[in-house]
Structure formats: structure tokens, C-alpha cells
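Q: Quick mapping for you: the protein sequence lines, in order, are chains A and B.
Going letter by letter, the first sequence gives residues 4 to 341 in this note's numbering.
Going letter by letter, the second sequence gives residues 4 to 341 in this note's numbering.
Hints listed in this document are in silico derivations from the structure and should not be mistaken for laboratory results.
Don't take every hint at face value.
To be verified - Quick list of in silico lysine-lysine cross-link-like pairs, DSSO-like style, CA-CA up to 27 Å:
#1 A/147 with B/147
#2 A/150 with B/113
#3 A/147 with B/150
#4 B/62 with B/150
#5 A/150 with A/62
#6 A/113 with A/147
#7 B/113 with B/147
#8 A/147 with B/113
As the structure is a prediction and not an experimental result, all values here were calculated from the model.
So you can see what is in the structure, the chains are spelled out below.
Protein chains: 2
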Amino acid sequence: MTADVVSLSRKTPEPSLEPMLALTASGMNHVNQVILDRMQSEVPLIPALAGHLISGGGKRLRPMLTLAGADLVGYQGTRQHRLAAAVEFIHTATLLHDDVVDGSDLRRGKAAANIIFGNPATVLVGDFLFSRSFELMVEDGSLKVLKILSGASAIIAEGEVDQLTAQRRIDTSEERYLHIIRAKTAALFAAASRIAAVVAECDDERERALDEYGRNLGVAFQLVDDALDYDAEASTMGKDRGDDFREGKMTLPVILAYARGDAEERSFWQAAIGGHRVSDADLDHAIALIDRRNAVADTRARARHFAQRAIDALSIFPHNRAREAMEQAALFAVLRGY
Amino acid sequence: MTADVVSLSRKTPEPSLEPMLALTASGMNHVNQVILDRMQSEVPLIPALAGHLISGGGKRLRPMLTLAGADLVGYQGTRQHRLAAAVEFIHTATLLHDDVVDGSDLRRGKAAANIIFGNPATVLVGDFLFSRSFELMVEDGSLKVLKILSGASAIIAEGEVDQLTAQRRIDTSEERYLHIIRAKTAALFAAASRIAAVVAECDDERERALDEYGRNLGVAFQLVDDALDYDAEASTMGKDRGDDFREGKMTLPVILAYARGDAEERSFWQAAIGGHRVSDADLDHAIALIDRRNAVADTRARARHFAQRAIDALSIFPHNRAREAMEQAALFAVLRGY
Numbered sequence: 004m005t006a007d008v009v010s011l012s013r014k015t016p017e018p019s020l021e022p023m024l025a026l027t028a029s030g031m032n033h034v035n036q037v038i039l040d041r042m043q044s045e046v047p048l049i050p051a052l053a054g055h056l057i058s059g060g061g062k063r064l065r066p067m068l069t070l071a072g073a074d075l076v077g078y079q080g081t082r083q084h085r086l087a088a089a090v091e092f093i094h095t096a097t098l099l100h101d102d103v104v105d106g107s108d109l110r111r112g113k114a115a116a117n118i119i120f121g122n123p124a125t126v127l128v129g130d131f132l133f134s135r136s137f138e139l140m141v142e143d144g145s146l147k148v149l150k151i152l153s154g155a156s157a158i159i160a161e162g163e164v165d166q167l168t169a170q171r172r173i174d175t176s177e178e179r180y181l182h183i184i185r186a187k188t189a190a191l192f193a194a195a196s197r198i199a200a201v202v203a204e205c206d207d208e209r210e211r212a213l214d215e216y217g218r219n220l221g222v223a224f225q226l227v228d229d230a231l232d233y234d235a236e237a238s239t240m241g242k243d244r245g246d247d248f249r250e251g252k253m254t255l256p257v258i259l260a261y262a263r264g265d266a267e268e269r270s271f272w273q274a275a276i277g278g279h280r281v282s283d284a285d286l287d288h289a290i291a292l293i294d295r296r297n298a299v300a301d302t303r304a305r306a307r308h309f310a311q312r313a314i315d316a317l318s319i320f321p322h323n324r325a326r327e328a329m330e331q332a333a334l335f336a337v338l339r340g341y
Numbered sequence: 004m005t006a007d008v009v010s011l012s013r014k015t016p017e018p019s020l021e022p023m024l025a026l027t028a029s030g031m032n033h034v035n036q037v038i039l040d041r042m043q044s045e046v047p048l049i050p051a052l053a054g055h056l057i058s059g060g061g062k063r064l065r066p067m068l069t070l071a072g073a074d075l076v077g078y079q080g081t082r083q084h085r086l087a088a089a090v091e092f093i094h095t096a097t098l099l100h101d102d103v104v105d106g107s108d109l110r111r112g113k114a115a116a117n118i119i120f121g122n123p124a125t126v127l128v129g130d131f132l133f134s135r136s137f138e139l140m141v142e143d144g145s146l147k148v149l150k151i152l153s154g155a156s157a158i159i160a161e162g163e164v165d166q167l168t169a170q171r172r173i174d175t176s177e178e179r180y181l182h183i184i185r186a187k188t189a190a191l192f193a194a195a196s197r198i199a200a201v202v203a204e205c206d207d208e209r210e211r212a213l214d215e216y217g218r219n220l221g222v223a224f225q226l227v228d229d230a231l232d233y234d235a236e237a238s239t240m241g242k243d244r245g246d247d248f249r250e251g252k253m254t255l256p257v258i259l260a261y262a263r264g265d266a267e268e269r270s271f272w273q274a275a276i277g278g279h280r281v282s283d284a285d286l287d288h289a290i291a292l293i294d295r296r297n298a299v300a301d302t303r304a305r306a307r308h309f310a311q312r313a314i315d316a317l318s319i320f321p322h323n324r325a326r327e328a329m330e331q332a333a334l335f336a337v338l339r340g341y
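Based on the provided sequences and hints, a complete structural model is requested.
A: See below:
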């Protein structure tokens, strides 16, 4: 076994999302077809607005997890296509609502839907996609899948509200932060992976393993996302650098820099997170402080921990192309932006 | 049969919601308990915000329809309680999102949730309640109920987006308006009634009859709601008189007054719906024009038509206390505000 263990300390030549993309390419064609078909409506504004985001070049990582998971456990049917589309609709709905909640200007490098179409339409099309997602699940007909995804949806909303409550609160702990990202991000990653085991009628152990893979991957993914908002060296992500800073979001880079900072640094963070230091110069200063305290690097180190746990969760499955792709995806998640 | 037909032309002494309230009083205690239990969350802002609206004195007409329908068809179980709570959660979620979409100041005579808690929390708590509603349906376990309510939710969202598209468009027809209110309001009334037949495992004819009852009642209800916004004589409804006017919503009173108006009146309506005449004096003028063209009275007359259709849809059911209460509720819907 030992020789087979994939570890981050192993010299893997540039981990990449390529194996995952190759594994799921054919399945994602089906998923994309379902997405395009089911975002249609007799009300033209709905496909116009939904299409703006959906065709806006997202990675569609979550539906890929459902497809890869189905492949991993040797599922031979086609139910994963519709369910993966349902997962992506939930994700799209939350993105639309997030953009309204955060007042975002950019999403995936383009003007956010709320900027082009306004908040009202963006909220309502989010609701439409969310309803559509449940319609897709009902068509699939598994109450167990419905339970997993409706539960995940409620937890996502709780996590988002919790994040709102923590906003501009400098006293937010790493523990609280992890609790929030487990809910707002990792719950859907977990559900997307888990439902693959459900359609394949796997035993509980495999179902739990896929859940754990997705959950840990989701935490790693969000940690890196939050690191990138303060990473001067990272390539742009298509969102405004410094959004988290200006909104006073307590993400791990800030939590670490604040905890490790001296009195002067702490005083800066209190003012900044409180909303009194939001200029470009303040952002530059924040990035410098975060760099001084090694907070981006250590946020990535935390992400590595969760990615490794995701990889280890797969250890009960046989080595195959799907497992390799899922392991690589976890490694890639940590290195994003480099 | 003829002697038994309930008709609006019959001299019914003051139709009232009382029989419906009495019929469902005990069941609504159970429903309210489910609502209170399931709006809880470890994130305190969620029950605080949800509770502001939920305890704000709504009539809870939609869950009552589920209970009354179950009674009408002689259902003996308890599944209607959880499902009625799910219906009310969908309704509450749409109210929260509507208040954000419309920028409302008042709801049920109190400050709207978005005014007290802000738009972000209001959007997200709506999402939470919507997810919770699906969790309740999943616990019930009927895919048929899930199909009806997820379908209704998608149609509601479509109707809301459609209404947004029609806003400030003076050329909106009565046909288009009816299409919008069938979606945004009547779809949930129809689903709330229909699922009573599903839990009772009624035949298709009864299921369709309950659907039709709810659908027509919902149209009547919305017509009267829209009439009240321009009815100088009506008692207040706890929302700001003239909201529809200021938002440039094309409701039936305006559609009729515009269609029947002379050149000068039409020119006023074009400016007003276009957003260029929104003062209190303009609202007074609008109410005077609507009165001159009999548009509130005729909107109520349209509502009477749909209420009568709702009542006639019940004709296949035996006369009992539930049918009487449902008929009275339809009559009451038309006379609301007098």
C-alpha cells in the first residue's frame, strides 16, 4: 500500500485538473445539454440572465465531482447527468444570490449579473434555478438524493447567513471561519460527490467516503479562494482583487495576520475590517501585513491538509482512472492561482 | 342540486373567513408548531428574521387550504400538517424575496424584513426557508407532492420575473396580467389545495378539482389585492397604499382605466407608469381616474368570476363543513377590504 499512497510530499509533476476534465468530458456534454435545456423558460429574461452566468466560463467542478464519483464506483447508468445538472443549478442560484448579497461588480471576469440585469431579476432567476434543480431531482426520483441535496441547500443558506453575521467582526475565530466555509462551500461539494454513491447503490462506507472526499476538497477549495484575494503573486481569478477586504469578510488570511500581528497591525485590522480603511493603499498595506505574517502561505498550508484528507478518503476505492483524476483535482485545488 | 348551488347572487349574510378558521383551528396549531420548530437554526439571525415575518400576523391562508382540502376529502392522517408548513415556508420565502425585489417599506403593517435586517440577510433567509420547505417535503416522502410543489415554485419564480419584465410597460394586456398572476400567486394556491388530494390518494378528478379550486381562488385573491391598492374606500391592508402605482406595476385597475381612458387620461397613465408621476397628488389623481372608469369595481367583478369558478370546482364533493368553509373563503376573498 505505502508505495501507492498519493501524498503532497511526493514529487508529482504539476498536479492538474486535466485528468478530471478528460475523465468527465463526455459526461459533461450530457450535463451541459441538460443545463441548457432546463434553464429555458417562456419568460425570455430567465435564460438571458441565467445564460450570462452559466455560459460565463465556470469550471463546473461540482457536477464533475458527481460524474467522477459515479465513474469511481463503476456506475453504468445515466442518472448522474441530470443530478449533476441539478447540483450546478443550486450552485448557480447561490452565486446569483451571493452577487446581490455582496454587491459584486465582477464574476468570472465579466460584469456580474446584478450589474447588468439588476438585483430584482438576479434574485428571482436564482429562485427559478433553485426550483428547477429540485424539479430535476424529482424527475430522477430518489428520495435519498433529494434528502441529501435539500439538506445541503439549507446548510449552504445557514452558512451564508452565518458569514454575514461574522462580517466586520474582527473577533471571528479560525474555528468559526471553518464552520462557515464547511457550510457555505463544502456542503455542496460533499453532496455532489455523495450522490454518485447513492445512484450506484453503494454501501454506507463508500457513500461516506465520497462525502468526506467532497467535503475536504470543498474546504481546501474555499481556503485557496480566500488566500487568492490577498495573494499579490497569484494570477487573477476574474473577480475583483480585494473584494473580501473591502467587504470586511473575516477569512483565514486576515484571521492569521490579526492573531500574529503586533499592536499596530491589530489596530490596522480592526479599522480595516470595521470598514474604515478600504482604499487601494489600505489594501496594499493589508497585503503587505498578510505577507509579513506568512498568512497566505499558511492558509495554503491549511488547504493542503484538507486536500490530503480528501485524497485519503479515497483510499478504500481501487486505483483507477477516476481515483487518479480525483486525487489530482485535490492537489490542483491547493495550487490554484500559481 | 340547483337549490344547493352557492352563488354570489344568493343573499349570503356577510361571507366570512370564520368557517375556514374554525375548521382548521386545531390543525393550524400543529402546522404552526412545525413552522416554529423548523425555522430554528444554530445561526440566530435566521429565526430572528424569519420570526419577524412569520409571527407578523399573516392569515396563513395557503396552509389552511391544505388542511381544509384534507378535511373535504375525508383524509384521516396527519401528513397535511408538515406539508402545509412546507407550503407556508415557500410563501414566506417568496414574500422575503419580493420585499427585496420591490424595495418594500411595509409588510403586514410592520417594517418589512429588508428594512430591519437589510437585503442580504433577507435574501439568504428566504433561501433557507425555501430549502427547509423541501426538507419537510422529503420527510413526508411523496414524490408526487414534491413534483407538484417544485413545479409550482419554478412557476412562481417565472411569474415574478415576468411581472418584472412587464413593470413600467403601459402596453401590458389583461391577458398578460392574468398569465402573470396565475403564475406568481395562483400556482401556490393550486398546489396547496391539490396536495391534500394527493395525501388522501384521491382519484385524478378530485385532485384536479382541488387544483382548480385553489387556482381560481388564487386569481380572485390577487385581483382583489391589486384592486385594494387603488381603493380609496377600503380599509388598509398593512402595506403602503399606492406601492403598485409608484413601482409602475401594470395591475388590472390600471389596465382597465388606461384602456377606457380618453387621450388626456392615457397620457397621464403613460407618464405615471413610466415613473414620471409618482407624487401623492399623482396617486390621488390616479385613484380618481380609476374611480371614474369604474376600474376597481370591475376588477372586483373579475375576482367574483374567478371566485365563482373556485366554488363550482367543488361541486363534485359532498356538502360538508369543509366545503362550506372553502366556499365561504372564496366569497370572502372577493369582499376583502370592505
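Q: Confirm or reject each hint.
A: Status of the hints after comparison with the structure:
1. In summary, the hint linking residue 147 of chain A to residue 147 of chain B is supported, as the alpha carbons are separated by about 15 Å, within the 27 Å threshold.
2. Annotation: proposed proximity of residue 150 of chain A to residue 113 of chain B is violated, straight-line Cα distance about 35 Å (limit 27 Å).
3. Using a Cα cut-off of 27 Å, the hinted pair residue 147 of chain A and residue 150 of chain B holds, with the two alpha carbons roughly 15 Å apart.
4. For a cut-off of 27 Å, the pair hint linking residue 62 of chain B to residue 150 of chain B stands: about 26 Å separates their Cα positions.
5. At roughly 26 Å between alpha-carbon atoms, residue 150 of chain A and residue 62 of chain A fall within 27 Å of each other, so this suggested pair holds.
6. Simply put, residue 113 of chain A and residue 147 of chain A have alpha-carbon atoms about 37 Å apart, too far for the 27 Å limit, and the pair is violated.
7. With a C-alpha separation of about 37 Å, the suggested pair residue 113 of chain B and residue 147 of chain B falls outside the 27 Å cut-off, and the hint is violated.
8. A C-alpha spacing of about 40 Å is found between residue 147 of chain A and residue 113 of chain B, which places the hinted pair above 27 Å, so the restraint is violated.
The earlier numbered hints that this structure contradicts are 2, 6, 7, 8.
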